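We have chain A; now place chain B onto it with these hints.
Chains A and B, in that order, are what the protein sequence lines are. Heads up: the first sequence at position 25 corresponds to 25 in full-length UniProt numbering, and the numbers run straight through without jumps. Heads up: the second sequence at position 128 corresponds to 128 in full-length UniProt numbering, and the numbers run straight through without jumps.
Worth double-checking, as some hints may not be accurate.
Copies of one chain are not kept apart here, so a pair can be met inside one copy or by any two copies together.
In the DSSO-like style, the derived pairs of lysine-lysine whose C-alpha atoms are separated by at most 30 Å in a straight line are [as the list claims (entries may be wrong)]:
#, residue 1, residue 2
1, K88, K77
2, K92, K41
3, K33, K6
4, K88, K140
5, K45, K88
6, K77, K63
7, K140, K30
8, K6, K77
9, K92, K63
10, K63, K138
11, K6, K41
12, K17, K45
13, K33, K88
14, K33, K16
Rather than coming from a laboratory, the hints here were simulated on the basis of the structure. Everything numeric in this text was worked out from a predicted model, so none of it was measured.
There are 2 protein chains.
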Amino acid sequence: MHFEIKQIGTIYSPFKKMEEAPIQPRFSDKPGKIEVFPEYKEGLKDLEGFSHIILLYYFHLAKEEQLIIRPFMEPDKPKGIFATRYNKRPNKIGLSICEIDKIENNIIYVKYIDVLDQTPLIDIKPLVPLFDFRNIEKIKVGWLSNKKERPKQ
Amino acid sequence: MHFEIKQIGTIYSPFKKMEEAPIQPRFSDKPGKIEVFPEYKEGLKDLEGFSHIILLYYFHLAKEEQLIIRPFMEPDKPKGIFATRYNKRPNKIGLSICEIDKIENNIIYVKYIDVLDQTPLIDIKPLVPLFDFRNIEKIKVGWLSNKKERPKQ
Numbered sequence: 001m002h003f004e005i006k007q008i009g010t011i012y013s014p015f016k017k018m019e020e021a022p023i024q025p026r027f028s029d030k031p032g033k034i035e036v037f038p039e040y041k042e043g044l045k046d047l048e049g050f051s052h053i054i055l056l057y058y059f060h061l062a063k064e065e066q067l068i069i070r071p072f073m074e075p076d077k078p079k080g081i082f083a084t085r086y087n088k089r090p091n092k093i094g095l096s097i098c099e100i101d102k103i104e105n106n107i108i109y110v111k112y113i114d115v116l117d118q119t120p121l122i123d124i125k126p127l128v129p130l131f132d133f134r135n136i137e138k139i140k141v142g143w144l145s146n147k148k149e150r151p152k153q
Numbered sequence: 001m002h003f004e005i006k007q008i009g010t011i012y013s014p015f016k017k018m019e020e021a022p023i024q025p026r027f028s029d030k031p032g033k034i035e036v037f038p039e040y041k042e043g044l045k046d047l048e049g050f051s052h053i054i055l056l057y058y059f060h061l062a063k064e065e066q067l068i069i070r071p072f073m074e075p076d077k078p079k080g081i082f083a084t085r086y087n088k089r090p091n092k093i094g095l096s097i098c099e100i101d102k103i104e105n106n107i108i109y110v111k112y113i114d115v116l117d118q119t120p121l122i123d124i125k126p127l128v129p130l131f132d133f134r135n136i137e138k139i140k141v142g143w144l145s146n147k148k149e150r151p152k153q
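Bound conformation, chain A alone:
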């Protein structure tokens, strides 16, 4: 079955090419700007009380789908795509959790961003630990367990 999704806004960042972008917002020190198209602005009501949002976006520059990839974090050991956040996924949807700096009109300013400039936005959801986690202290991260920070390039 196939479904159609639509762009509801645009993410702006200082990163113009994949090689420049940090692999996750956690490793970014650059702020970003999320423009929600004016026709969806009303949906931002009440978001200002939240500190973190989950952004869903479309990996518009991703190449062909691959089920096995070689991650930056461990390039000599190929991994299944669903055990990574890579962009060559069967559905090219990316996810970043970002901290809100401020919201002005239909623009959300976030403290750190990891996505490419001009990335199409497809959804914004509030991060709510009460909804999302039980046993947060027991989270295990498999092959990423001994990775503490972004490898130097």
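Leaving out everything else, chain B in the frame of chain A:
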């Protein structure tokens, strides 16, 4: 701009109707089964070391889009859709963070599930606190701040 996404599997749960489903996995006490279609099975490699996954799925029974909704948690105070996890979103993509029980072949068994039976799966991503959070202790949840558990029905 529009994009096409495809079903890559199916989520099975005990919930046949919206009225039966818990509003988030955090409030569920029922296990679920995630079938990844055989052609995508290879992508599950290395996922078994992770304890939690982020499921993205298509709200196949969601009705027409609404930018302002009345949430279960506070029905007398309408909220912007992006400040909620409701299904009547501009793009009907749902997100649940689930704890893995076991993975057998192309089936992931999760301890708790909140989605409707037969929901189309569109992506699986590992939950990696190192990637996703900085300042986790500072997360603020706006209008949900004083909500501690699911309201009684």
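Hint check:
1. K88 x K77: within (17 Å within a copy, 41 Å between copies)
2. K92 x K41: So K92 and K41 pass the 30 Å test inside a copy (25 Å) and across (17 Å) alike.
3. K33 x K6: Both: 19 Å inside a copy, 29 Å across copies.
4. K88 x K140: within (24 Å within a copy, 33 Å between copies)
5. K45 x K88: between (34 Å within a copy, 15 Å between copies)
6. K77 x K63: Intra 21 Å, inter 44 Å, cutoff 30 Å: intra-copy only.
7. K140 x K30: both (28 Å within a copy, 22 Å between copies)
8. K6 x K77: Between copies only: 28 Å across chains, 35 Å inside a chain, cut-off 30 Å.
9. K92 x K63: both (9 Å within a copy, 24 Å between copies)
10. K63 x K138: neither (35 Å within a copy, 37 Å between copies)
11. K6 x K41: both (15 Å within a copy, 28 Å between copies)
12. K17 x K45: between (33 Å within a copy, 29 Å between copies)
13. K33 x K88: both (24 Å within a copy, 25 Å between copies)
14. K33 x K16: Classified as within; 14 Å inside a copy, 40 Å across copies.
Hint compliance for this structure: hint 10 is the single one not met.
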